[in-house]
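There are 2 protein chains.
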Amino acid sequence: MEISYFVAMSLDGFIAEEDGGIDWLSMVAMGDEDYGYNAFYAGVELIILGRLTYEQALTFPEWPYSGKRTIVMSRGGRVKPSPDIEISRESPEQLAVRLAGEGVKKAWMVGGGKLAGAFRQAGLLNDFVISIIPALLGAGIPLSPGGGRLEPLTLLDVERFRSGLVQLHYKLPAAGG
Amino acid sequence: MEISYFVAMSLDGFIAEEDGGIDWLSMVAMGDEDYGYNAFYAGVELIILGRLTYEQALTFPEWPYSGKRTIVMSRGGRVKPSPDIEISRESPEQLAVRLAGEGVKKAWMVGGGKLAGAFRQAGLLNDFVISIIPALLGAGIPLSPGGGRLEPLTLLDVERFRSGLVQLHYKLPAAGG
Numbered sequence: 001m002e003i004s005y006f007v008a009m010s011l012d013g014f015i016a017e018e019d020g021g022i023d024w025l026s027m028v029a030m031g032d033e034d035y036g037y038n039a040f041y042a043g044v045e046l047i048i049l050g051r052l053t054y055e056q057a058l059t060f061p062e063w064p065y066s067g068k069r070t071i072v073m074s075r076g077g078r079v080k081p082s083p084d085i086e087i088s089r090e091s092p093e094q095l096a097v098r099l100a101g102e103g104v105k106k107a108w109m110v111g112g113g114k115l116a117g118a119f120r121q122a123g124l125l126n127d128f129v130i131s132i133i134p135a136l137l138g139a140g141i142p143l144s145p146g147g148g149r150l151e152p153l154t155l156l157d158v159e160r161f162r163s164g165l166v167q168l169h170y171k172l173p174a175a176g177g
Numbered sequence: 001m002e003i004s005y006f007v008a009m010s011l012d013g014f015i016a017e018e019d020g021g022i023d024w025l026s027m028v029a030m031g032d033e034d035y036g037y038n039a040f041y042a043g044v045e046l047i048i049l050g051r052l053t054y055e056q057a058l059t060f061p062e063w064p065y066s067g068k069r070t071i072v073m074s075r076g077g078r079v080k081p082s083p084d085i086e087i088s089r090e091s092p093e094q095l096a097v098r099l100a101g102e103g104v105k106k107a108w109m110v111g112g113g114k115l116a117g118a119f120r121q122a123g124l125l126n127d128f129v130i131s132i133i134p135a136l137l138g139a140g141i142p143l144s145p146g147g148g149r150l151e152p153l154t155l156l157d158v159e160r161f162r163s164g165l166v167q168l169h170y171k172l173p174a175a176g177g
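First to last, the sequence lines map onto chains F and B. Following our numbering, the numbering of the first sequence begins with 1 at its first residue and continues without gaps. Following our numbering, the numbering of the second sequence begins with 1 at its first residue and continues without gaps.
The hints are simulated quantities; they were obtained by calculation from the structure and are not laboratory data. Check before you lean on any hint, since a few could be wrong.
The list treats identical chains as interchangeable, and a pair is accepted whether it falls inside one copy or across any two copies.
Subject to a maximum C-alpha distance of 20 Å in a straight line, what follows is the list of computed SDA-like cross-link-like pairs (lysine to any residue) [to be verified]:
(1) LYS171 x TRP24
(2) LYS171 x LEU25
(3) LYS68 x LEU46
(4) LYS171 x MET1
(5) LYS171 x ARG160
(6) LYS114 x ALA139
(7) LYS114 x ALA174
(8) LYS171 x ARG149
(9) LYS171 x VAL28
(10) LYS171 x MET27
(11) LYS80 x GLU2
(12) LYS171 x SER131
(13) LYS114 x VAL79
(14) LYS114 x MET30
(15) LYS114 x GLY103
(16) LYS68 x PRO81
(17) LYS80 x PHE40
Note that this is a predicted model, so its numbers are computed, not measured.
Given the sequences, and given the hints that come with them, work out the whole structure.
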């Protein structure tokens, strides 16, 4: 199973300002340019969210993952039920094993950063689409939330956009490969 | 005057491990490939170092900036004298004004990170050559040492190398431009 991390970050590795703000991303907004998002989203069968990211999504005018199977992971926290989601109390490993058994081929780890970090440390994030915004942010919420280990990646693709955004696509090398 | 920052970082924005270690950079070592270093170095008239980076360079088997004018900046610390260097007690702004007056066209801010951050916050770093190593490091010394402000950059160039290293070249947009 492929679990993808599709995220934009500043050149200095921050995915949001310290308060979670992402207004600075608007600097690459250009008409119809979606930086591959719609194609990526269409290829994803399932969304994985942490509890806080889910609660943030609930504040949006409409549910952003409509029609897409969505799993909210929380080991112990109270998760507001909704017909749009399934709640999982599993570990990342348990969830990955179960979903692979159900035949899921491609999931999107939306975040937040802590959940993504737990998946990464378990070696379960294996596809990375990182859009580098042409800006230094100086401080903020880092792509890697600390800890972890050295994880060599294989570069698949580099795409340069007119706005100055550069999208890098990596995969985790196959275990033992 | 152009002051360049030429540095390698992990995809998650770290230029070294927490103890300063850079052994992981060897993953992109490939025969004669120098990732543009020699051409860059040849174009630089002058090297700017912080005190700790200078002390580290003194431990190398040979002085790494031989024949190149080198300035070690330290506001108050004791700097070991050497015929290879000039010592500056100036602020980044004072140094930049003085060097521009002397006709210097291109300098390399080698670092460390704190000195580079001070130059960046003063708007004096205006050329960025960032080599992205195909790896997540998880933790370490960040490219941006915290603080600072949003700094939009202009992408000049993207170069992809066989090792999976991607080199991104940005400049600071001209003030008011």
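Against which earlier hints does the structure fall short, listed by number upward?
As far as the earlier hints go, 7, 11, 14, 15, 17 are violated by this structure, in ascending order.
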